[in-house]
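*Asks:* The task is simple: from the sequences and hints, build the whole structure.
Residue numbers (the working numbering), protein chains in the order written: chain A, 1 to 287; chain B, 1 to 320; chain C, 1 to 252; chain D, 1 to 363; chain E, 1 to 236.
Zero decoy hints are in this set.
DSS-like mimics (lysine-lysine), calculated; alpha carbons at most 25 Å apart, straight line:
hint: 1; chain 1: E; residue 1: Lys-213; chain 2: E; residue 2: Lys-200
hint: 2; chain 1: D; residue 1: Lys-299; chain 2: D; residue 2: Lys-326
hint: 3; chain 1: C; residue 1: Lys-73; chain 2: A; residue 2: Lys-280
hint: 4; chain 1: C; residue 1: Lys-88; chain 2: E; residue 2: Lys-97
hint: 5; chain 1: C; residue 1: Lys-19; chain 2: E; residue 2: Lys-121
These are calculated hints, taken from the structure and not from any lab test.
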Amino acid sequence: MTTSLFFIQLINGLQYGLLLFLIASGLTLVFGVMGILNLAHGSMYMVGAYLAWYFFTHTDSFLLSAIISAVIALSIGILVERTLIRQLYHRNHLDQVLLTIGMIFVFNALQSLLWGNDPQGIKVPDLLSGSIPLTDTLSYPVYRIFVAVICILLAAALYYTINKTRLGMLIRAGESNREMVECLGINISRLYTIVFAIGVMLAAIAGVLSAPMVSIVPGMGEHVLIACFVVVVIGGMGSIKGAFVAALLVGIVDTFAAVLLPSIASMVVYILMALILLVKPKGLFSN
Amino acid sequence: MLFQKRSERLFIWIFFPLMLMMPLFLDGNIFYINKLSSILIFALFVMSLDYLVGRCGLITLGHAMFYGLGGYIFYIIAPQNEAVNFWVYTFYICVISAAIALIVGFLVLRTSGIYMIMITLAIAQMFFYYFSDSMEFGGIDGVFLYLKPETSFLGIKMFDLDNPTHFYYLCLFSLFNTLVFFKVIMASKFGRVVDATRENPERTTALGYNVFVFRLASYVIASALGAYAGYLFSMQYGFVNPSMLSWQTSGTALVMLILGGMGSIYGAILGTFAYEGLHYFFEHLTEHWMLFMGSAIILMVILLKKGIAGYIEKLLEKRS
Amino acid sequence: MSQVMIETEGLCKHWGGLKALDDISLTFADKELHSIVGPNGAGKSTLLNLLCGTYKPTSGRILHKNEPIDSIKPYAFARRGIGRSFQKTNIYPSATCLENCAIAAQRYMGGSFNFLKPRNKEPVLLHIAEEALHKVGLGHRKDTVAAAVSYGEQRQLEIAMVLATSPCVLLLDEPMAGMGHEESALIIELLKQLKKEYCIVLVEHDMDAVFELSDLITVMVNGQHLVTGTVDAVREDPRVKEAYLGQGDEVY
Amino acid sequence: NETIKIGVMLPFSGAYAALGSDGRNGLRLALKEHRERLHGSNIEFIEMDTEARPERAPEISSALLNRHKADFIVGPVHSGVANGMLRTLRNRDTIMIVPNAGSAEVTGALCAPNVFRTSFSSWQTSYPMGQVAADKGYKRVVTITWNYGMGRESVDAFEESFTAAGGEIIRKMLVPFPRTDFQSYISEIASLQPDAVFVFFAGSGAVQFALDYDALGLRERIPLIGSGFLTEGTLGAQGKAAEGLVTTLHYADELDNPNNVKFRELYKSEYNRDADLYAVQGYDAGLMIVEAIDQLQGKVKDRQAVIEVMRNMTVPSPRGDFTFSKAHNPIQNVYLREVKDGVNRVIDVAMPALEDPARGCNM
Amino acid sequence: MSTLLDVKSLHTLYGSSHILHGVSFSIQPGQAVSLMGRNGMGKTTTLKSILGLVTPRSGTVTFQGEEITQKETWRRMQLDIAYVPEGRGMFHNLTVKEHLQIAARANRKGEKHWDYERVLKTFPRLQERLNNLGTQLSGGEQQMLAIGRALVTNPELLILDEATEGLAPLIRKEIWEVIRTIKDSGISTLIVDKNIQVLKDLCDQHIVLVKGKVVFDGSSERLINELETVESYLAV
Ligand SMILES: Nc1ncnc2c1ncn2[C@@H]1O[C@H](COP(=O)(O)OP(=O)(O)OP(=O)(O)O)[C@@H](O)[C@H]1O
Ligand SMILES: Nc1ncnc2c1ncn2[C@@H]1O[C@H](COP(=O)(O)OP(=O)(O)OP(=O)(O)O)[C@@H](O)[C@H]1O
Ligand SMILES: [Mg+2]
Ligand SMILES: [Mg+2]
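*Replies:* Here's what the structure looks like:
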């Protein structure tokens, strides 16, 4: 591998990693920090992409469709938490698995009912449609750089909120002992509703931002779901920093494995995870 | 008594006699008999998962790995064009998968909770991709087994596996044995420690038990039985496919288990039947069966606190 | 003085920069009750956790009957007869009180890898378990689920479980915390009996109990060994008064 | 009047759902259009969702065969499912018509008298491209596909004709199925600087590959050619990223023949969406059934007769008439197409009446 | 001034076991009240019923003249009630500092007698452990933190369950001093503890529970007069 190709692949890996973090960010919040096992996370990613596509074809404005999609996702999040998730806080964690698998079924059915099963795509917003030449054959699209920047900003914002603000502390405290948080006079239910909804919205926003880069197809959510869990767990539950590092690690390892070790490429991420967990049984950045 | 709860006895007295007579009602309709056989096989698989999850508190998302391995091991070790003995190969498959489980368990049981879920998933995915990216095992299209084993034991031929009804009884027989087997284990002194390791592993260590060894033993037992289920499945249609090892298979089994009620062992049967029943029903009702299936699952989680088995127990409690 | 059961040599435990235990050398003799007291955070629980293998020492050695045991596995401590109770209640909440003790008793009765023997068909084992319950005054609760008994009773159960393992060394971390007078008195009586047979290490803030029971008292402050002596010696030691007891004019 | 049962085994949910429903629509359309040729038989459809899950295939096909006693079973889309179906349906008392799955085995090693295919073999759709590429003067080509049966078969077929015509494959890339993150592979391709890139991808993989290839700026610099699935049913999602891609396939939406024009019109008015390849293949399966019923005057219980009729049939397909090879695979034209303004334009017939070599079939 | 907390004939059940049989008592503003009883008599259950952590089958709880029986727990706590639970209720993923930060607030009157600094001054041990996680503290340190966490909410009514459990004698003395100070500053306290010697001096009023019933409810004077009876209830 030449040096220039090495750097290009490194950039590819970083970019893939950042995208992974974007998709996993909502899960880090809902699963890592709040401790809710939401398997329907991938479905919300899919819903976000479809919403973006749907409103884009109707409004022709990427920004507008992004905003509408985010608002809809937020409302779905609030609704789901209020009516369903809330019933399960006092129960076994596995009930959340069952519930959210039920939700995957429902989201898949609704997607097929509302939007059909054809692959869809939307074009990159004009403002960001340029590209920057890297070598004489290869160039890099501006939109992807834009998304990478958003991911970094998002990571910083999440990190700050969870670790440094009172809100973040309350969310963490809720994961540890809901009853006690309530005993401090805090409306933990409402707090959890909001944070859960934000998690869902982040998943959808990831879908929106990915929409111009990926094919929007049924089942796209299930493909990313496992990758998201891998990222959150390798990083260490509840650690934003961990998730960020893990996403980049997975992105880079996966990218290089694809070209250097094609025979075991699909296994490499799992080998990585197994090794990390055997050495650090609670992930990279756990207490 | 082995079956302590009233609900349990009731279930066993209704379920097994009913299933014994089922082929009579079905009047040799091959489809229904085959369908029931595959449900029984899967119930056996879910039961072995229940032992791990519900009894040992070891949640895994990689149990399907053994389900698939059951099939692939058979494909690998059995000669291509010679019918082998069923019981001998049952033994081989259980031993080989137990050996694999011993190594895998040795690694995965170092972690716990969500980390264990993920590491079991990781190892299962490795096996999944090993088979699905391989050329010699037919890749994602899987492989075929052209000959079914024969089942003579001490010179007596008990089941003719090409006959769906015989195969059905073999499955039922296996399921019943597995149920009794798990019940005996759980009521035993070993079971007492298993219960302890689930509830409070830290305390159990402080009392002087090597928690790891007990978990490992349980993991090996459950995995061998999971592989046995996969072996039966691959034999039913003579067909092994990597999707048997996929995390979706593990997930589905987990869903059935939670639906049926964890930790009760017989709940596994209830859950499998309920899930498959709903699936079959909605699928024939509408093309958008997923919508109904999903809603039914959601409703059931919300309404049933401890799965179907828990619900039945509550009903009986109220009446007495 | 009777035989030395457990001995520590220069035991240290550091948490990051914090020296929770700093160079502790103590001996605990058989058939003696040796109390460890000290202000909160002095490192008493840490010491017990080291003695029973829950934590590994940063440096230093632990000897049990003159054999070093600091590198054996946590569960092996209990097998050598080193039993402990926890400061924070640590039981099997969904099992009955009797079953809680039966689990403990089975460890030393053996047969835990017996897959076939029904667990409730072993009278000797159940008898031991029941006896342990009676000793701590929980006989009437034997069929109650442990989660449903009150906090104080759970503390009693905690001790019953240690007794059921038939230990030779008892490490008790604040066994009386949360217990009422009556139950405390019961435990004090019980410990008086037990110390005739066992080596007991007691961590407790209830000074009435400590003074009444102890053969020896060790005072620790900030991870360091302050003084070891008899009840009277420690009671009157000005350093102990300053660091821990106060001036003696107050009720505890 | 007899009831004729047609079992339909297609994916109606999951990633292949669109393909499944188009195939089903085509099938239904054929039977509806030619109602009067059915000799008054009642047609009953039994539709089963395969979810594209191979492990369900034996069970569902067993249901159609044993429980419903279907006379014809149409399906599936997915090759893995096809393998599972063949296991239960080969040489049984029913007629299996495969409306998509292109795996070589279906009319190769696993061929059987009662199994027909109305679609294609993967060999057929890629073999002609080797010749085309050589004619265009490409010398050094990189191939890339998913590491699964169809992918490998397609690339091998391309290689077969391309190397025969003097070309060189400088790198064969196999992407683990169903990965759709192609950026690193495309970067690698850029550094190899080949004359062209041959791909086999379908569905979301095809969309994603075209999008990434375009986004990284290679579309204008290194020609992208492939089996027609690269641009089939995916153009809407690919947008301008598909412009100029050259592919070979046994059909194109724009094919200018009366059957096609009529079919597309009918389809549009019936289902309110444009027909595509999968609809055509389903439609042709329907035509086969209609023709068989018509010729046998509704007496389809005699499977031997049905097989006899089908084997000698000329199907008046929208893709142009085709007949069956000994292995029951279509002998058909393969067209050379190029995407212009979001449509697959037919440039030429790449190879006329191409027959699959049916390796491994001893029928 | 009117009654601060008024509890009227609470009946509470766990499943089918009836634990509280009509518990009634009241607390006047500024009073310190002790709640005593042997193990398992229902002290904790009474406190939890007041706070809404368990739902009583019948009976009412009135705080500052407002009935709160149907309110969610967090609304009750916002009326400036603070709670130190038995077992301490630490957050395993928050540091000592964060424990205090999330709890700190002014009360409804806008007063802020207790803040972060004052707690650390009162419990210097915590100062040294600021970056430890809640569960990485010694038992006594946890108890200090739990009390500190309750104080920084600047309550009108402070409820302590097993107030001095696991504390060293000196610290225990310290806690009693603190409680005396807050009592002097007009804050009411409801204390569960077993140390009758201290409580009889510290508290104004005393309640004794036996098997879910109030068997004694009176002032310190009465307590001293009837010390023997009460001690028999407590089995001292
Ligand atoms: N896991 C840990 N990580 C970091 N520090 C710890 C950890 N566990 C305990 N400590 C610290 O070590 C010191 C000693 O704690 P230990 O529990 O031994 O005290 P103790 O003497 O038992 O006190 P108490 O009487 O309050 O129970 C304390 O200051 C505590 O904060
Ligand atoms: N979750 C529960 N389920 C069933 N019963 C319970 C539960 N919690 C407590 N109890 C029972 O309620 C009774 C009162 O318990 P409570 O904890 O209120 O006692 P307490 O007076 O606080 O005792 P202690 O001084 O030991 O803390 C006890 O007999 C206990 O067994
Ligand atoms: Mg301690
Ligand atoms: Mg209490």
